[in-house]
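Visitor: Sequence:
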Amino acid sequence: MRPGRFDVVLYVPPPDLEARYEILHVHTRKMKIGDDVDLRRIAEDTDLFTGAELEGLCREAGVVALRENISATVVCNHHFQAVKQSLKPALTREGIEKYSSFMKNQSMPSSHQIECSIKHNSKYKQKNLGPVFSVKVGLLTFALLAAAKYFLVYTDFARHEKSDT
317 MRPGRFDVVL YVPPPDLEAR YEILHVHTRK MKIGDDVDLR RIAEDTDLFT GAELEGLCRE
377 AGVVALRENI SATVVCNHHF QAVKQSLKPA LTREGIEKYS SFMKNQSMPS SHQIECSIKH
437 NSKYKQKNLG PVFSVKVGLL TFALLAAAKY FLVYTDFARH EKSDT
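Residue numbers for the sequence shown follow this note's numbering, so the first one is 317 and each next one is one higher.
Everything labelled a hint here was simulated from the structure, so no lab data went into it. Treat the hints with caution; some may be incorrect.
Derived pair list, reagent style DSSO-like, types lysine-lysine, alpha-carbon separation capped at 27 Å [claimed, not checked]: (1) K346 with K404; (2) K400 with K346; (3) K348 with K404; (4) K400 with K348; (5) K414 with K400; (6) K404 with K414.
Derived DEER-like restraints, expressed as beta-carbon distance ranges [as the list claims (entries may be wrong)]: (7) L364 with N421: 21 to 27 Å; (8) M419 with M347: 31 to 37 Å; (9) D361 with K414: 21 to 27 Å; (10) D352 with V379: 50 to 56 Å.
Note that the structure is a prediction, hence the values are computed from the model and not measured. Every residue, glycine too, gets a C-beta built ideally from N, C-alpha and C.
Start from the sequences, fold in the hints, and give me the full structure.
Guide: Listed below in structure tokens is the structure:
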């Protein structure tokens, strides 16, 4: 992997019960949901769901309601349950454990890792900065010259157009 691409690996755990409830609340805010819909219960039943999956659950529940009745104005609990049964969360307990263990082992780099990274990055910059910098300056100069030439030709052409009329 090239230095500077992904310097930080950040672990974001799946949403907890309260976060799932809030996500469901946000994505049903503009929906008319039936009195039988209990967002807290849905949040409890969607333990391994990500925020994106919860958003999809809400959106698809609305689609199911419309498929059932094109003039439906309310999304009921059975719409949410039908969609939830057809969805399988992308996360697994094993996957979460792997990510958690990776976070614990990799979140704080050792002094040796930091030292190696600094040495590698400084060697990389010393070796490659010259040619890269020269190419960038050359391209920038070319772009500026092309823009200046275009501007001068265009403005000179505009003056000739006005003087001809």
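Visitor: Evaluate each hint against the coordinates.
Guide: Hints, one by one, checked against the model:
1. A C-alpha spacing of about 25 Å is found between K346 and K404, which places the hinted pair at or below 27 Å, so the restraint holds.
2. For a cut-off of 27 Å, the pair hint linking K400 to K346 stands: about 20 Å separates their Cα positions.
3. About 25 Å separates the Cα atoms of K348 and K404, which keeps this hinted pair within 27 Å; it holds.
4. For the hint linking K400 to K348, the alpha-carbon distance of about 18 Å falls within 27 Å, and the restraint holds.
5. Of the supplied pair hints, the one linking K414 and K400 holds, its CA atoms being roughly 26 Å apart against a limit of 27 Å.
6. Between K404 and K414 the CA atoms are separated by roughly 19 Å; this keeps the pair inside 27 Å, and the hint holds.
7. The given range of 21 to 27 Å is respected by L364 and N421, whose C-beta atoms sit roughly 23 Å from each other.
8. Against the hinted window of 31 to 37 Å, the Cβ-Cβ separation of M419 and M347 comes to about 35 Å, which satisfies the hint.
9. Here the CB-CB span from D361 to K414 is close to 24 Å, well matched to the stated 21 to 27 Å.
10. Taking the beta carbon of each, D352 and V379 are about 19 Å apart, not inside 50 to 56 Å as hinted.
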